[in-house]
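Asker: Sequence:
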Amino acid sequence: MQALFTLTSSESKRLLGKAVAALPEVKHAKDNGYLVVGRGSTNAFIVEELNEQENRQGAIRCGQIIKGVLCVLGQELRTGP
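By the working numbering, the letter at position 9 of the sequence shown is numbered 9, and the numbering carries on one by one without gaps.
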């Protein structure tokens, strides 16, 4: 039996977030050291998975493309590292 799965961009990023958060190195850094996550939409999903709760993803992103138009979040609205 074969199957083909097609994920949306958001679903793909959620899956990547789950995978990165499950890495032993990432868990160790979170529990025993420092973990710095840069801004970005995929990174926003990683932060959600690490915190086990929903975050304000918009504040973690710097920008996004909506219907072919680049939209950038103003510096004053962005979350720091």
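Note that these hints are calculated values from the structure, not bench results. Just so you know, these numbers come straight off a predicted model, no measurement behind them. A couple of the hints might just be wrong.
Below, in silico cross-link-like pairs of lysine-lysine (DSBU-like), each with a Cα-Cα straight-line distance of 30 Å or less [to be verified]: (1) Lys27 to Lys13; (2) Lys67 to Lys13; (3) Lys18 to Lys30.
Asker: A separate judgement is required for each hint: does it hold in the structure or not?
Answerer: Verification of the hints:
| no. | hint | verdict |
| --- | --- | --- |
| 1 | Lys27 to Lys13 | holds (19 Å) |
| 2 | Lys67 to Lys13 | holds (18 Å) |
| 3 | Lys18 to Lys30 | holds (14 Å) |
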